[in-house]
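Visitor: Chain by chain, the residues run as shown.
Protein chains: 2
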Amino acid sequence: MQLYSYFRSSAAYRVRIALNLKGLDYGVIPVNLAAGEQRSDSYRRHNPQGLVPTLVTGNEALTQSTAILEWLEEEYPEPALYPRDALLRAQVRALCQLVACDIHPLNNLRVLKYLKGELGQDEDAVRLWYAHWVIEGFTALESRLPEEAFVNGEAPGMAEIFIVPQIYNAERFAVALGDFPRIRALRDRCDLLPAFQKAHPSAQPDAPASSPAGSGPSGT
Amino acid sequence: MQLYSYFRSSAAYRVRIALNLKGLDYGVIPVNLAAGEQRSDSYRRHNPQGLVPTLVTGNEALTQSTAILEWLEEEYPEPALYPRDALLRAQVRALCQLVACDIHPLNNLRVLKYLKGELGQDEDAVRLWYAHWVIEGFTALESRLPEEAFVNGEAPGMAEIFIVPQIYNAERFAVALGDFPRIRALRDRCDLLPAFQKAHPSAQPDAPASSPAGSGPSGT
Numbered sequence: 001m002q003l004y005s006y007f008r009s010s011a012a013y014r015v016r017i018a019l020n021l022k023g024l025d026y027g028v029i030p031v032n033l034a035a036g037e038q039r040s041d042s043y044r045r046h047n048p049q050g051l052v053p054t055l056v057t058g059n060e061a062l063t064q065s066t067a068i069l070e071w072l073e074e075e076y077p078e079p080a081l082y083p084r085d086a087l088l089r090a091q092v093r094a095l096c097q098l099v100a101c102d103i104h105p106l107n108n109l110r111v112l113k114y115l116k117g118e119l120g121q122d123e124d125a126v127r128l129w130y131a132h133w134v135i136e137g138f139t140a141l142e143s144r145l146p147e148e149a150f151v152n153g154e155a156p157g158m159a160e161i162f163i164v165p166q167i168y169n170a171e172r173f174a175v176a177l178g179d180f181p182r183i184r185a186l187r188d189r190c191d192l193l194p195a196f197q198k199a200h201p202s203a204q205p206d207a208p209a210s211s212p213a214g215s216g217p218s219g220t
Numbered sequence: 001m002q003l004y005s006y007f008r009s010s011a012a013y014r015v016r017i018a019l020n021l022k023g024l025d026y027g028v029i030p031v032n033l034a035a036g037e038q039r040s041d042s043y044r045r046h047n048p049q050g051l052v053p054t055l056v057t058g059n060e061a062l063t064q065s066t067a068i069l070e071w072l073e074e075e076y077p078e079p080a081l082y083p084r085d086a087l088l089r090a091q092v093r094a095l096c097q098l099v100a101c102d103i104h105p106l107n108n109l110r111v112l113k114y115l116k117g118e119l120g121q122d123e124d125a126v127r128l129w130y131a132h133w134v135i136e137g138f139t140a141l142e143s144r145l146p147e148e149a150f151v152n153g154e155a156p157g158m159a160e161i162f163i164v165p166q167i168y169n170a171e172r173f174a175v176a177l178g179d180f181p182r183i184r185a186l187r188d189r190c191d192l193l194p195a196f197q198k199a200h201p202s203a204q205p206d207a208p209a210s211s212p213a214g215s216g217p218s219g220t
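In the order they appear, the protein sequences are chains P and E.
Each residue of the first sequence is one higher than the one before, counting from 1 in the UniProt record's numbering.
Each residue of the second sequence is one higher than the one before, counting from 1 in the UniProt record's numbering.
The shape of chain P in the complex, shown without the other chains (with noise of 0.2 Å):
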């Protein structure tokens, strides 16, 4: 499998996770959305949206974070990434879809650059806005988190797939965390995990010789 990244996507950052946990043999091709190579022809062609990430595997290009980890979940099952009680697995989605609904899309890259450049706000403001979703989707994840372990037990799941990049997200837009200890503790704990280490942006073949977490949005 070969999956079109960039370091720092959340979205690709789900999947390379999720790849990982289940010990999967793929191939990463950076795809610079900072130069706006999402929107080339080429690209196009696997990802009519032009958005990362996509997952190829044998002839089909599959698209948008979501579809491609619950195909991964049905083609590879083990290990699970959600429970196995269909309640269970109906609060674990619940809480994937918090991040991935309530909290991402309102801050990716497209919608940050039509706030600074359609209605002309200025950096402040975008930080505000910024800063705002994550802060409300935050709050209603942080109750609803486990003080230790992981969501679904004794290993992490499809709920930390979704809440770690958007963690990162978020330290990168130097958005306080001090209210949410649950959530950092969690992130804490996966970040000791082979799985998370080698998913993380800064492990991408595409990131910067050094990329400080301060050092700017360009993607989300």
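It is possible that some hints are incorrect.
[As the list claims (entries may be wrong)] Using 25 Å as the maximum straight-line C-alpha spacing, the simulated SDA-like pairs for lysine to any residue come out as follows:
1. E/K113 to P/V126
2. P/K113 to P/E136
3. E/K116 to P/E118
4. E/K113 to E/Y168
5. E/K22 to E/A86
6. P/K113 to E/A34
7. E/K116 to P/L115
8. E/K113 to E/A176
9. P/K22 to E/L128
10. P/K198 to P/G27
11. E/K22 to P/L115
12. E/K113 to E/A34
13. E/K22 to P/A86
14. P/K113 to E/L128
15. P/K113 to E/A176
[Claimed, not checked] Stretch-level coverage of chain E by chain P, calculated; a stretch enters the list once three of its residues show a Cβ under 8 Å from a Cβ in chain P:
16. 115-125
17. 201-208
Since the hints were made in silico from the structure, they are not lab data.
Note that the coordinates shown come from a computational prediction; the quantities given were computed from them, not determined experimentally.
Note that the Cβ used here is the ideal one computed from N, Cα and C, for glycine as well.
Given chain P, put chain E in place with the hints provided.
Guide: Just chain E, lined up with the frame of chain P:
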């Protein structure tokens, strides 16, 4: 089952269609988003985020429409709303997520309120914002829809469950849909079916006696 719903909420509309397509019996409990009922303590006991929909089954309250829809498909597999083939299923989920992640979150009521309030944007700027994300998403969607029948073939399924409410929403905001003949034709075919008719905002118990399409935004 009881569905906490608001007549104009796209996410609640999705779940109503699915419940109807599966022939399930359910009651609708209206939550008046325009009056702020979603922020009441009594509602937040079911849905801590204060969003609709919530589906209550037994002692469980399920939140986030995508999670609810996946649960319905798992628990009530007939009629199937996804294709049987895993790759086709991934493609349908990608269409659903295109609506759920790339269009709808940007045009949600809370976002439009932020644009008007915190960012001081006028009605025209908000309408342009709304139309921008709909048109970007629908442009990607249009070429991926069939000219006849439904995305899954002879019967509507998850793709139509996400697309039809988004069209209703777009028309309410007077977005010009002339460039999207397949999207409009798909909606017209769905509108002939009782499952879609019964789920329509105008057929809900909380719909005003007369609810013209142009009566302005109060909940998406």
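Visitor: Look at each hint and say if it fits the structure.
Guide: Hints, one by one, checked against the model:
Using a Cα cut-off of 25 Å, the hinted pair E/K113 and P/V126 holds, with the two alpha carbons roughly 16 Å apart. For a cut-off of 25 Å, the pair hint linking P/K113 to P/E136 stands: about 21 Å separates their Cα positions. Restraint check: the Cα-Cα separation between E/K116 and P/E118 comes to about 15 Å, which is no more than 25 Å; the hinted pair holds. With a C-alpha separation of about 20 Å, the suggested pair E/K113 and E/Y168 falls inside the 25 Å cut-off, and the hint holds.
Restraint check for E/K22 and E/A86: satisfied, since their Cα atoms lie roughly 21 Å apart, inside the 25 Å limit. Between P/K113 and E/A34 the alpha-carbon distance is near 30 Å, which puts this suggested pair outside the 25 Å criterion. Of the supplied pair hints, the one linking E/K116 and P/L115 holds, its CA atoms being roughly 13 Å apart against a limit of 25 Å. At most 25 Å may separate the alpha-carbon atoms for a hinted pair to count; E/K113 and E/A176 meet this at roughly 22 Å.
The straight-line distance between the Cα atoms of P/K22 and E/L128 is roughly 43 Å, outside the 25 Å bound, and the hint therefore fails. Restraint check for P/K198 and P/G27: satisfied, since their Cα atoms lie roughly 13 Å apart, inside the 25 Å limit. In summary, the hint linking E/K22 to P/L115 is not supported, as the alpha carbons are separated by about 41 Å, beyond the 25 Å threshold. For the hint pairing E/K113 with E/A34, the CA-to-CA distance comes to about 12 Å; that is within 25 Å, so the pair holds.
Distance hint between E/K22 and P/A86 is fulfilled; the C-alpha atoms sit about 18 Å from each other, no more than 25 Å. Note on P/K113 and E/L128: the hinted pairing holds, with a Cα-Cα distance of about 15 Å set against a maximum of 25 Å. At roughly 24 Å between alpha-carbon atoms, P/K113 and E/A176 fall within 25 Å of each other, so this suggested pair holds. Closer than 8 Å: that is the beta-carbon criterion, and the segment 115-125 of chain E has 5 residues meeting it against chain P, so the requirement of 3 holds.
Figure legend: the segment 201-208 of chain E, annotated as covered by chain P; annotation inconsistent (0 residues with Cβ-Cβ distances under 8 Å, at least 3 required).
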